Amino acid sequence: MIGAGLRRGDKRRLVPRWLDPHGRHLGSWAFVANRLTGLGLVVYLYLHLVILSTLLRGPEAWDGMVELFRRPVFLAFDLLLVAGLAFHGFNGLRVALVGSGLLVDRHKALLVAAGTLVGLVTLVAAVRIVG
Amino acid sequence: MATRTEEDFTEATRWRRRPRPTFAWVAQVVSGVLLLVLLTAHMVAQHFVVEGGLRTYADVVAWIRNPVVFAVEALLLVCVTWHGIAGVHAVLLDLGLRGRAERIVARVLLDLAVATILYGLWLLYMLAFRG
Chain A
0 MIGAGLRRGD KRRLVPRWLD PHGRHLGSWA FVANRLTGLG LVVYLYLHLV ILSTLLRGPE
60 AWDGMVELFR RPVFLAFDLL LVAGLAFHGF NGLRVALVGS GLLVDRHKAL LVAAGTLVGL
120 VTLVAAVRIV G
Chain B
0 MATRTEEDFT EATRWRRRPR PTFAWVAQVV SGVLLLVLLT AHMVAQHFVV EGGLRTYADV
60 VAWIRNPVVF AVEALLLVCV TWHGIAGVHA VLLDLGLRGR AERIVARVLL DLAVATILYG
120 LWLLYMLAFR G
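If you're matching them up, the sequences are chains A and B in order. Each residue of the first sequence is one higher than the one before, counting from 0 in numbering that gives the first Met the number 0. Each residue of the second sequence is one higher than the one before, counting from 0 in numbering that gives the first Met the number 0.
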């Protein structure tokens, strides 16, 4: 994956090839989406560690924050997080399979399967979070 | 045979051209597959089956004192940090980062990964044994 979006002579491009919208195929859009969700999830990883650090301040601090996180705006964020995780996970699995030379000619079918699974996981999460 | 006027940037073609998998690629695939399992376990056990989606302070401490849970969360921390930081490195390479700047950034990212893992392990230890 490292360096996969860069080709010889691309060093001075203002827009890296994986962000260039010209002549893109569905699979390469999925590649871009995988990068963007990945960066978002890295930001969330550190946000998560900061939030978990509240545990060091004892029961009152943590339990008060748990109440705050049950507000609708945070629940909506939770759903977005689950959708992002599911997309990055299932599409990442597709990228790993294709990148390892497996099911290369089926990568579009794999993308449809990944999209279906993301939809299902997000739906189950929505029912669980709202319900 | 038709003359190809534009290069084919489909994912399948791009992957086929790869001469051999790099260590970074293999490590990203292995950590990614592990994350699919570990994150699913984490999300289900820590959030989906918990009333209200988040544990109280007392429940968090009791839960993390289980050695299996402690080990799974520690492994998840290592995998997610490696996968995330290596992913950021890959994106920076795609953006054209090379030479001395790349070596400095790679060193900073490695230090950040080590610091993140050490902090996360300390947090787990504090909760399990001092919480």
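A couple of the hints might just be wrong.
Computed footprint of chain A on chain B, listed as stretches where at least three residues anywhere in the stretch have a Cβ under 8 Å from a Cβ of chain A [claimed, not checked]:
(1) 28-38
(2) 100-106
(3) 115-123
Hints listed in this document are in silico derivations from the structure and should not be mistaken for laboratory results. Every value quoted in this text rests on a predicted model; they were computed, and no experiment measured them. Note that the Cβ used here is the ideal one computed from N, Cα and C, for glycine as well.
Cross-check of the supplied hints:
no.	hint	verdict
1	28-38	holds (count 6)
2	100-106	violated (count 0)
3	115-123	holds (count 4)
In this structure, only the earlier hint numbered 2 is contradicted, and the remaining ones agree with it.
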